[in-house]
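Engineer: Please model the entire structure based on the sequences and the hints provided.
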Amino acid sequence: MLQANCPNCGGQISFRWSSAVQTTCPFCRSILVRHDVDLRRVGVVSDLPPSTSAVQLGTEGRYKGTPFVVVGRIIYEYDRGTWNEWHIRLGDDSAWLSDALAEYAVSRRLDTPTNVPAAAKLRVGQQFTFGGAPFTLARVTTASYRGVEGELPFEYWDKSKVTFADLDSKDGRFATLDYSDPEPLLFVGEYQEFDQLQFSNLREIEGW
Amino acid sequence: MVAPRVKGLNCPRCGAAIELRSGELAQTVACPSCAAILDAKDPNLRVLQEFTGKMRYQPRIPLGTRGTLKGDQYEVIGFQVRGIRVDDVDYHWSEYLLWNPYKGFRYLTEYDGHWNDVVVVKNTPEEKEGGRQPTVGYLGETFKHFQTATAKTQFVLGEFPWEIRLGDTAETRDFVSPPHMLSEERTADERTWSLGTYVTPQYIWQAFKLPGTPPAPRGVYADQPDANAAGAGSLGKIFRLFAAIIVALFVVRQITARRDLVLRQVYSVASHNPDSTAFVTPVFTLAGRTSNVRLTLETDLENNWAYFSLALINEQTGTAYDMGREVSYYHGYDDGAWSEGSRTDRATIPTVPSGHYYLRVQPELGSDAERPMNFLLTVQRDMPGVAFFVLALGVLAVPPLFATFRHHAFEQMRWRESDYAPLSSDDE
Chain A
1 MLQANCPNCG GQISFRWSSA VQTTCPFCRS ILVRHDVDLR RVGVVSDLPP STSAVQLGTE
61 GRYKGTPFVV VGRIIYEYDR GTWNEWHIRL GDDSAWLSDA LAEYAVSRRL DTPTNVPAAA
121 KLRVGQQFTF GGAPFTLARV TTASYRGVEG ELPFEYWDKS KVTFADLDSK DGRFATLDYS
181 DPEPLLFVGE YQEFDQLQFS NLREIEGW
Chain B
209 MVAPRVKGLN CPRCGAAIEL RSGELAQTVA CPSCAAILDA KDPNLRVLQE FTGKMRYQPR
269 IPLGTRGTLK GDQYEVIGFQ VRGIRVDDVD YHWSEYLLWN PYKGFRYLTE YDGHWNDVVV
329 VKNTPEEKEG GRQPTVGYLG ETFKHFQTAT AKTQFVLGEF PWEIRLGDTA ETRDFVSPPH
389 MLSEERTADE RTWSLGTYVT PQYIWQAFKL PGTPPAPRGV YADQPDANAA GAGSLGKIFR
449 LFAAIIVALF VVRQITARRD LVLRQVYSVA SHNPDSTAFV TPVFTLAGRT SNVRLTLETD
509 LENNWAYFSL ALINEQTGTA YDMGREVSYY HGYDDGAWSE GSRTDRATIP TVPSGHYYLR
569 VQPELGSDAE RPMNFLLTVQ RDMPGVAFFV LALGVLAVPP LFATFRHHAF EQMRWRESDY
629 APLSSDDE
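Going down the list, the protein sequences come from chains A and B. Under our numbering, the first residue of the first sequence is numbered 1, with each subsequent residue one higher. Under our numbering, the first residue of the second sequence is numbered 209, with each subsequent residue one higher.
Among the clues, some could well be false.
[What the hints assert, rightly or not] Covered stretches of chain B, going by a simulated chain A footprint (3 or more residues, C-beta under 8 Å):
no., stretch
1, 305-319
2, 326-333
3, 365-378
[To be verified] When the alpha-carbon atoms are kept at most 30 Å apart in a straight line, the in silico DSSO-like pairs for lysine-lysine are as follows:
no., chain 1, residue 1, chain 2, residue 2
4, B, Lys278, A, Lys64
5, A, Lys121, B, Lys336
6, A, Lys170, B, Lys445
7, B, Lys445, B, Lys352
8, A, Lys159, B, Lys249
9, B, Lys330, B, Lys278
10, B, Lys249, A, Lys161
11, A, Lys170, B, Lys352
12, B, Lys360, B, Lys249
13, A, Lys64, B, Lys330
14, B, Lys360, B, Lys262
15, B, Lys352, B, Lys330
16, A, Lys64, A, Lys170
17, B, Lys360, B, Lys336
18, A, Lys121, B, Lys262
19, A, Lys159, A, Lys121
20, B, Lys330, A, Lys161
21, A, Lys170, B, Lys278
22, A, Lys121, A, Lys64
23, B, Lys249, A, Lys170
24, B, Lys352, B, Lys278
25, A, Lys170, B, Lys360
26, B, Lys360, B, Lys330
27, A, Lys159, B, Lys330
Hints are computed from structural coordinates only; laboratory data are not their basis. A virtual CB, placed ideally from N, CA and C, is assigned to each residue, including glycine.
Structural biologist: See the structure below:
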């Protein structure tokens with residue numbers, strides 16, 4: 001496990017995923033960006049909203065037989081509360097486990113096709129083909145960035161409003177277009193039932 | 209970190225205690241006492257909307273009740289009543305929002321005692337090009353369109369993880385494939401599909417350990433399975449099995465029947481005096497196992513009738529089978545040719561043991577006729593019949609036909625509430 005010290009408080013930082021570009025210090029909540037082995041402090045995590053997710057950093061599970069561990073997360077807030085994009089180390093790859101009100105999905109980033117419209121031109125019902133499969137635009141959500149925690153595959157902190165386009169398929173797959181950068185990011189994955197993911201080390205929720 | 213289970217607050221409008229059961233998830237909460245809709249994200253529970261409606265509803269499953277559905281615990285956290293208006297008639301139903309922090313949300317709907325266990329589906333159902341009645345396909349199942357309506361929120365209690373207001377509307381389309389129902393809800397910026405499964409009220413009462421007995425469902429619900437359909441199906445199977453047996457017996461009978469021609473004689477009767485016309489036939493042999501005997505009288509009657517007293521008598525034992533047969537035939541011409549009756553008569557004696565027999569025949573002519581009546585008397589042994597088999601098939605078909613009729617009536621009741629209701633006399 002890759003280890004380093006926080007440039008702000010000196011606390012020891014252990015990386016669960018050796019390719020992480022960004023992490024947060026669990027002691028002083030500094031946001032740290034990695035350059036080789038050096039960590040640079042770029043900001044500080046504001047108070048995170050109370051977690052509503054059963055998942056936490058260190059939660060393990062399986063996606064289609066491949067084990068994963070939760071290494072980081074981005075928290076967004078939208079009109080139905082907060083949702084989490086948990087960054088997972090899936091085998092040796094970087095992937096995402098999203099948890100929106102206990103609806104789970106696992107996705108991976110794909111190259112964005114050039115024909116993806118600008119955020120303002122998104123309309124529910126539009127059809128797209130990603131990776132040879134058809135998708136239908138189901139909803140457009142404008143979310144507020146609420147914070148980050150743990151290890152991420154890119155620098156991500158200092159955000160405000162982000163537009164997301166959620167696309168559904170007929171076979172349980174979904175796609176998300178993330179307009180947080182001028183060039184939208186495409187994530188394609190599959191919805192998963194709680195039981196399919198074979199979770200362990202979940203957060204304990206009192207009374208349940 | 210352990211999350212607090214319940215957050216206790218008070219309604220800013222009426223002061224009633226309010227519990228937040230889903231913790232941080234709740235966006236809106238409706239006061240259980242005054243039904244005002246409050247901002248759950250606001251520490252003071254700011255009033256978003258007051259309840260001014262006339263009708264208040266009591267959830268049949270109290271808020272906070274936990275039950276087990278499909279092996280998982282769920283807690284009732286929200287309740288709403290929504291309604292649609294069809295042909296100036298209001299229909300409303302209840303929706304229960306259930307929550308499990310690991311498994312997520314689930315819904316129960318109740319209309320007139322009919323319950324559905326509902327989950328949001330992630331696969332978009334496939335719309336099929338249809339004629340009069342559109343269909344959608346979902347996971348290999350085909351659903352028929354039932355109804356399109358605008359659902360309006362009329363009453364809310366408890367908490368919801370989204371913004372909810374009285375008067376909210378959504379365009380709904382329901383498709384059915386009993387016991388399943390696919391429902392689409394469309395608002396300006398969202399389209400959601402959910403899959404309901406019809407469950408019995410007893411199932412709900414057991415799952416939530418509710419006291420007493422559930423109200424009996426009224427009528428037939430859109431996705432209610434016909435409990436007798438399976439019975440009708442097995443009745444159909446039994447019918448086909450027995451029908452095959454009967455047909456096989458019929459074929460065997462047709463092949464193995466003796467069809468012996470044991471007597472064929474022409475006689476003539478000149479007088480209508482019964483005393484002088486009696487005669488006996490020569491003795492004939494009825495062979496084989498006990499079986500039927502068919503007597504055929506073919507006459508040349510002309511606008512007259514004849515009565516035959518017949519006795520089939522066993523030469524050895526004297527056992528007699530008596531019968532009387534009337535033959536009459538009239539015809540003429542007024543405004544066209546007409547005729548009445550028949551010159552021929554046929555009778556069957558069902559079970560006659562083998563042996564040597566003769567017939568005693570006493571014909572009686574109806575009126576003084578110029579010419580004598582000639583008739584051909586034929587006796588046949590072991591003739592295969594059709595009537596028994598037709599009757600057996602008919603009797604056998606009664607239960608499956610009844611079941612089919614009942615199933616048809618059930619389906620009619622189902623579709624009467626849909627956009628495809630057959631026109632009835634009370635429609636204008």
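Engineer: So, for every hint listed, does it hold in this structure?
Structural biologist: So, going through the hints one by one against the coordinates:
{"no.": "1", "hint": "305-319", "verdict": "holds (count 6)"}
{"no.": "2", "hint": "326-333", "verdict": "holds (count 5)"}
{"no.": "3", "hint": "365-378", "verdict": "holds (count 3)"}
{"no.": "4", "hint": "B:Lys278 with A:Lys64", "verdict": "holds, 23 Å"}
{"no.": "5", "hint": "A:Lys121 with B:Lys336", "verdict": "holds, 27 Å"}
{"no.": "6", "hint": "A:Lys170 with B:Lys445", "verdict": "violated, 37 Å"}
{"no.": "7", "hint": "B:Lys445 with B:Lys352", "verdict": "holds, 27 Å"}
{"no.": "8", "hint": "A:Lys159 with B:Lys249", "verdict": "holds, 22 Å"}
{"no.": "9", "hint": "B:Lys330 with B:Lys278", "verdict": "holds, 19 Å"}
{"no.": "10", "hint": "B:Lys249 with A:Lys161", "verdict": "holds, 19 Å"}
{"no.": "11", "hint": "A:Lys170 with B:Lys352", "verdict": "holds, 18 Å"}
{"no.": "12", "hint": "B:Lys360 with B:Lys249", "verdict": "holds, 24 Å"}
{"no.": "13", "hint": "A:Lys64 with B:Lys330", "verdict": "holds, 18 Å"}
{"no.": "14", "hint": "B:Lys360 with B:Lys262", "verdict": "holds, 15 Å"}
{"no.": "15", "hint": "B:Lys352 with B:Lys330", "verdict": "holds, 20 Å"}
{"no.": "16", "hint": "A:Lys64 with A:Lys170", "verdict": "holds, 19 Å"}
{"no.": "17", "hint": "B:Lys360 with B:Lys336", "verdict": "holds, 27 Å"}
{"no.": "18", "hint": "A:Lys121 with B:Lys262", "verdict": "violated, 43 Å"}
{"no.": "19", "hint": "A:Lys159 with A:Lys121", "verdict": "holds, 22 Å"}
{"no.": "20", "hint": "B:Lys330 with A:Lys161", "verdict": "holds, 26 Å"}
{"no.": "21", "hint": "A:Lys170 with B:Lys278", "verdict": "holds, 25 Å"}
{"no.": "22", "hint": "A:Lys121 with A:Lys64", "verdict": "violated, 35 Å"}
{"no.": "23", "hint": "B:Lys249 with A:Lys170", "verdict": "violated, 35 Å"}
{"no.": "24", "hint": "B:Lys352 with B:Lys278", "verdict": "holds, 26 Å"}
{"no.": "25", "hint": "A:Lys170 with B:Lys360", "verdict": "holds, 28 Å"}
{"no.": "26", "hint": "B:Lys360 with B:Lys330", "verdict": "holds, 24 Å"}
{"no.": "27", "hint": "A:Lys159 with B:Lys330", "verdict": "holds, 29 Å"}
When each numbered hint is compared with the structure, violations occur for hints 6, 18, 22 and 23.
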